[in-house]
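Sequences listed follow chains A and B, in order.
For the first sequence, the working numbering assigns the number 82 to the initial residue and increments by one for each residue that follows.
For the second sequence, the working numbering assigns the number 685 to the initial residue and increments by one for each residue that follows.
In short, the hints are calculated from the structure, not lab data.
Cβ coordinates follow ideal geometry from the N, Cα and C atoms, glycine included.
The reader is advised that the hints may include incorrect statements.
Only pairs whose alpha carbons sit at most 27 Å apart, straight line, appear in this in silico BS3-like list of lysine-lysine [said to hold, decoys possible]:
1. A:99 with B:941
2. A:94 with B:714
3. A:125 with B:714
4. B:949 with B:963
5. B:950 with B:990
6. B:804 with A:411
7. B:878 with A:88
8. A:94 with B:963
9. B:878 with B:963
10. B:804 with B:789
11. A:112 with B:789
12. B:941 with B:963
13. B:990 with B:963
Covered by chain A, per the in silico footprint, the following chain B stretches (three or more residues, Cβ under 8 Å) [claimed, not checked]:
14. 717–730
15. 739–750
16. 777–788
Residues of chain A placed beyond 10 Å of chain B at every Cβ, according to the derived structure [unchecked claim]:
17. 138
18. 188
19. 195
20. 213
21. 216
22. 221
23. 271
24. 286
25. 395
26. 399
27. 403
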Amino acid sequence: MAQTTLKSTVFRKEREGKWQALEQLVNRVEKHGIRELSSDETLKLQSLYRVALSSLSVARNISLDQSALVYLEALSARAYFCVYGPRTKFLTELLSFFLHKFPAAVRDLKWPIFLSALTLIAGMGTGYAMIIMEPDWFYAFVSDAMAAGRTPTSPADELRAGLFTTHSSVKEYLHVFASFLFTHNAKIGFLAFALGFAFGIPTVLLLFSNGLSLGAFTALFVNKGLSVEFVGWLSIHGTTELLAVILCGGAGLAIGGAAIFPGRQTRLDSLTFQGRKSGLVVVGTVVMFFAAGILEGFGRQLIVETTDRYLIGGVAVLIWATYFMTFGRKS
Amino acid sequence: MNQSTVMRNDYGSVNKRLRDIRTPEGVVLKVELASLWDRCAAVLLDLLVMSLIIVGVGALFFFSSFITSAPGSALALGLLLFFLLRGFYFLIFELRWRGVTPGKKVLGLRVMNRSGGPLKSDAVFARNLMREIELFIPITVLISVKLSGTEGLSQIFALIWLGLFAILPFCNKDRMRAGDMVGGTWVVRIPESKLLADVAESVDPGHGAFKDVHPKDSPRTKITFTDAQLDVYGIYELQTLENVLRVDGPTVDITQKEVCTHIQKKIGWPEGGAPVEPKTFLESFYAALRARLEARMLLGERKENKFDQSRPSVDKL
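Could you put together the complete structure from these sequences and hints?
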């Protein structure tokens, strides 16, 4: 009696060629990236991937050929990674990010961002009120390095000079100053977001303490009758920078809130859902921090008219507000 | 969808790192989560690449006398470079290389969307922004450790705090770090796929695994088994036998003889019959058992192992 050939063997023999063709495409993509393939080959990758998936589904039900099952399982997974990787068109991604995704994500997070702004303002109010009542609190809220000689005992002239003149030796290093401010502030932004993971509590503390020192400074200058000049000095870059900090803080509060109040989702799913939106916001703020760094590093040192400073700060707010309110809406 | 297949690793034990993902086509695939040690190694490699870039650019600045001619610009560029590496190295690689960084590529790892859909940029953003508190700040704190005074105390608290993030991947079964949780991602091993020859076909491996076999010459035609004999075993035993037949080495004859004797005893093979080569017997038995099990599978009777007696065969005596 002749042995009848196994059905699973026939099944495998008929399809093996396509599996191996897919494997070769996948090997190339894994080594050199998806751009390695021509457009015909990309289409072929898609259709061969589906062939492999269908072979796998059938093989699971009719075949006990372990080598073929294991192979198909691994091959399908590898091909899946090639077919469903992130988009690689960098420029289009970048454009769609700034034209749609970033402003849309900011609007999605409007409540946590509002809360973040409130926290910062509460910190500022507290700091301001306490310094007005008792100027010695200043030393508790502002570190020596940050104060840089500006203390409640400084005479008003000295403080005023600090707002309007830049030491000539510093003028050559404005670009260093700007890049330091940009990178430092953006890192604080990342931090405000990442710390939100711990149920948002450290983010609140970070926002509040930043608010405290800002309020303390304001009170210091107000006490010396320099309120208009100080707000101008602050607003030229501060409107952009504080907005960016508030956005990052809002992103942090969003993931903290998602972890505390998952609603109908599981805690993990809720964290992921908010996390992805918040991540978009934080990456977008890098551009704002960059703009703020330029404004603070160059603008504030070179533009010394208080009215000009107010003008620039005000226009910045207007631009950001228009951008976040109008861009990325579905018609 | 048949979910009863349990994937086993080489040692036959159930692999706890396997996860099911459903592709957009609706097929469930198995992926294996990366081991944490592989991931540590990948991160260390990436950090090494980053430091090499910094050293390389530093050397370039130095030898082109950029540092002496324009120290300010060199410092400004250095600060920017440092920031770009810290914030965007992982992010850009994972976007451009589809979930792979140089370190991950060496270790054969890949980031994937936990729910099986395409890995989108927002997931990559979220998972890499968390590195700030998981990786970069701990490194900064460790480098600048001063264990004295109030600053030392606050640094100890900072270390404990950050240590919590470091042990997080050890505390959940999916080995997710905080960034994976926020981004909705898994880090998996890119599986190796090698198509081995079909054991049912390779009756005479001495002549190549894919050699056409003429049924008349085939040694397995000489041995036939009754259904009752074949129904002793199930899929698990079939796959174990397949592994036995694939093994090659100095002790292969002894192993095969032992397995052969064991099977013959179990299925009640008549003693004193014509002597058979253990290899021939095992190959024939494998082919016959697979044919039997596959036929039963088509009728919806999946016999997982020898203990699986839920659906006794109809023609059993």
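Here's how the hints hold up against the structure:
Taking the CA atoms of residue 99 of chain A and residue 941 of chain B, the gap is near 38 Å; set against the 27 Å cutoff, the hint is violated. Taken as a hint, the residue 94 of chain A and residue 714 of chain B pair is honoured in the structure, with Cα atoms around 24 Å apart against an allowance of 27 Å. In summary, the hint linking residue 125 of chain A to residue 714 of chain B is supported, as the alpha carbons are separated by about 23 Å, within the 27 Å threshold. Between residue 949 of chain B and residue 963 of chain B the alpha-carbon distance is near 16 Å, which keeps this suggested pair within the 27 Å criterion.
Between the alpha carbons of residue 950 of chain B and residue 990 of chain B the distance comes to roughly 11 Å, so the proposed pair stays at or under 27 Å and holds. Between residue 804 of chain B and residue 411 of chain A the CA atoms are separated by roughly 20 Å; this keeps the pair inside 27 Å, and the hint holds. Distance check on the hinted pair: residue 878 of chain B and residue 88 of chain A sit about 22 Å apart at the alpha-carbon level, within 27 Å; holds. Distance check on the hinted pair: residue 94 of chain A and residue 963 of chain B sit about 24 Å apart at the alpha-carbon level, within 27 Å; holds.
Annotation: proposed proximity of residue 878 of chain B to residue 963 of chain B holds, straight-line Cα distance about 24 Å (limit 27 Å). Of the supplied pair hints, the one linking residue 804 of chain B and residue 789 of chain B holds, its CA atoms being roughly 19 Å apart against a limit of 27 Å. In summary, the hint linking residue 112 of chain A to residue 789 of chain B is supported, as the alpha carbons are separated by about 9 Å, within the 27 Å threshold. Restraint check for residue 941 of chain B and residue 963 of chain B: the C-alpha separation of about 8 Å stays at or below 27 Å, so the hint holds.
Straight-line distance between C-alpha atoms of residue 990 of chain B and residue 963 of chain B comes to about 22 Å, which keeps the hinted pair within the 27 Å bound. Chain A is given as covering the segment 717–730 of chain B, and this is violated because 0 residues of the stretch bring a CB closer than 8 Å to a CB of that chain, at least three being needed. Counting residues of the segment 739–750 of chain B whose beta carbon lies closer than 8 Å to any beta carbon of chain A gives 0, which falls below the threshold of three, so the coverage claim is violated. Coverage of a stretch by a chain is defined here by at least three residues with a beta carbon nearer than 8 Å to that chain's beta carbons; for the segment 777–788 of chain B and chain A the count is 6, and the condition holds.
Its closest Cβ contact with chain B, about 6 Å, brings residue 138 of chain A to no more than 10 Å, contrary to its assignment away from the interface. Every beta carbon of chain B lies more than 10 Å from that of residue 188 of chain A, the smallest distance being close to 15 Å; the non-interface claim holds. Once the 10 Å rule is applied to beta carbons, residue 195 of chain A is consistent with being away from chain B; the minimum gap is 21 Å. At roughly 28 Å from the closest C-beta of chain B, the C-beta of residue 213 of chain A stays outside 10 Å, upholding its exclusion from the interface.
The beta carbon of residue 216 of chain A sits about 24 Å from the closest Cβ of chain B, which is more than 10 Å, so the claim that it is off the interface holds. Even its closest Cβ contact with chain B, about 13 Å, leaves residue 221 of chain A beyond 10 Å, as expected for a residue assigned away from the interface. Separation of residue 271 of chain A from chain B is inadequate, the least Cβ-Cβ distance of about 4 Å not exceeding the 10 Å criterion. Every Cβ of chain B is farther than 10 Å from the Cβ of residue 286 of chain A; the closest lies at roughly 12 Å, confirming the non-interface assignment.
Residue placement check: residue 395 of chain A keeps its beta carbon more than 10 Å from all beta carbons of chain B (closest about 28 Å). Annotated as non-interface, residue 399 of chain A keeps its C-beta farther than 10 Å from every C-beta of chain B; the closest such distance is 27 Å. Against chain B, the non-interface label of residue 403 of chain A holds: every CB pair exceeds 10 Å, the least being about 24 Å.
The structure fails to meet hints 1, 14, 15, 17 and 23 from the earlier list, while all remaining hints are met.
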